[in-house]
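Asks: Listed here are the chains, written in short residue letters.
There are 2 protein chains.
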Amino acid sequence: MERSPLLTSRTKVKRIPKRGFYDRESVVSILDSAFLCHVGFVVDGQPYVIPTSFGRIGDRIYIHGSAASRMLRNLAEGISVCVTVTHLDGLVLARSAFNHSMNYRSAVILGQAELVVDPQEKLEALEAISEQIIPGRWADCRLPSSKELKATSVLRLPISEASAKIRTGPPVDDDDDMSSEFWAGVIPLGSRAGKAVPDPLLDPKIKIPLYVEEYSL
Amino acid sequence: MERSPLLTSRTKVKRIPKRGFYDRESVVSILDSAFLCHVGFVVDGQPYVIPTSFGRIGDRIYIHGSAASRMLRNLAEGISVCVTVTHLDGLVLARSAFNHSMNYRSAVILGQAELVVDPQEKLEALEAISEQIIPGRWADCRLPSSKELKATSVLRLPISEASAKIRTGPPVDDDDDMSSEFWAGVIPLGSRAGKAVPDPLLDPKIKIPLYVEEYSL
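Residue numbers (this note's numbering), protein chains in the order written: chain A, 22 to 238; chain B, 22 to 238.
Hints may be right or wrong, so weigh each one.
Note: identical chains are not told apart, hence a pair may lie in one copy or across any two.
Once the Cα atoms are required to be at most 25 Å apart in a straight line, the calculated DMTMM-like pairs of lysine to aspartate or glutamate come out as [stated by the list, open to error]:
#, residue 1, residue 2
1, Lys228, Glu135
2, Lys33, Asp161
3, Lys216, Asp194
4, Lys39, Asp139
5, Lys168, Glu148
Read the hints as simulated data drawn from the structure, not as lab findings.
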């Protein structure tokens, strides 16, 4: 396989190497079909893993949070982070317990998060996060005031050291198990969006926007 | 609030404290409605966050993997870990961009993972992981051989330092925004299981078991 710039000894998939991908397209396609990531960081030797939303602009991802939050304060100091995005696509039922698996697509990005100080980049990052979650919403809500922007921290992480890990397809059993009587196959898994529930305080004259009504995952 | 044994300065929810819960029931109910977690650990100062399945027996959770995997080898050395389980329940659309949120239930467990050496505990842990993913399967597949058990590492993490963080309900906007024309409400999110796909190599005489056909999330 051609050496990719995203591949380092730290992002190399060591376990079942054929599942590892290091091209930008593989990583970006996993990122772009998600908006939730798990961010790992270390404080006093203890790792913390926190779910949060993210957005992507080009070769950077952005996460945001309260300027007062423990995670953001720690990350803004430039410590090492790991951002992981996972899609669970199916349960893989093999004939043997040992060969059970899951179909999934996951991306891991390593690096140093940096605090975004430029107000224009900060606003663009917040728009990117919002549009990653629900396209169309940014143009249809009250945008942040300068006071609200000050209360929000945005962090930038370059997509420069990363990997994707992907499993697809049916179970793979040992030859000796192929004649067993156990059912084998895949149960597909996915996410779904339900029917939107208006805020009880919403003026009933306000109609549901199309991008909300037709929202899907 | 009564002091809970799961609460420490490290698990205390600092940002929006009313969303933090430290009772065993809150944590366990979040764990028991999931089978995927994100495990955080540190190697040479770099955090890694890896998705993996888990199982619970009493006040311990178990994860497993190849004895050869980087994660398992590192964790087996007794380093600190963070196991995070996240359910995303909804997008919360407020009138202001700033007050947008998500409904979620997440649990965070901190501690030191320990390698399970007792063969009986190891087998029970693997059964617990399997049953957490798909109840009924353990009794309907070829169980691990002693060679397969040797190739599998199982780690135990006590649920002794943990927290749950939960948000539910409609958006909360500033008073000044309540008369705006923007739609506000919640888009519920969840997981779904599709129709099971038999292995192309499956003997067509083998019927789909009920626990597969009726699998739901």
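Asks: Each hint should be assessed against the structure and marked as holding or not.
Replies: Results of checking the hints against the structure:
| no. | hint | result |
| --- | --- | --- |
| 1 | Lys228 / Glu135 | neither (40 Å within a copy, 55 Å between copies) |
| 2 | Lys33 / Asp161 | neither (42 Å within a copy, 35 Å between copies) |
| 3 | Lys216 / Asp194 | between (41 Å within a copy, 21 Å between copies) |
| 4 | Lys39 / Asp139 | neither (41 Å within a copy, 32 Å between copies) |
| 5 | Lys168 / Glu148 | within (17 Å within a copy, 53 Å between copies) |
In summary, the structure is inconsistent with hints 1, 2, 4 from the numbered list given earlier, while agreeing with the others.
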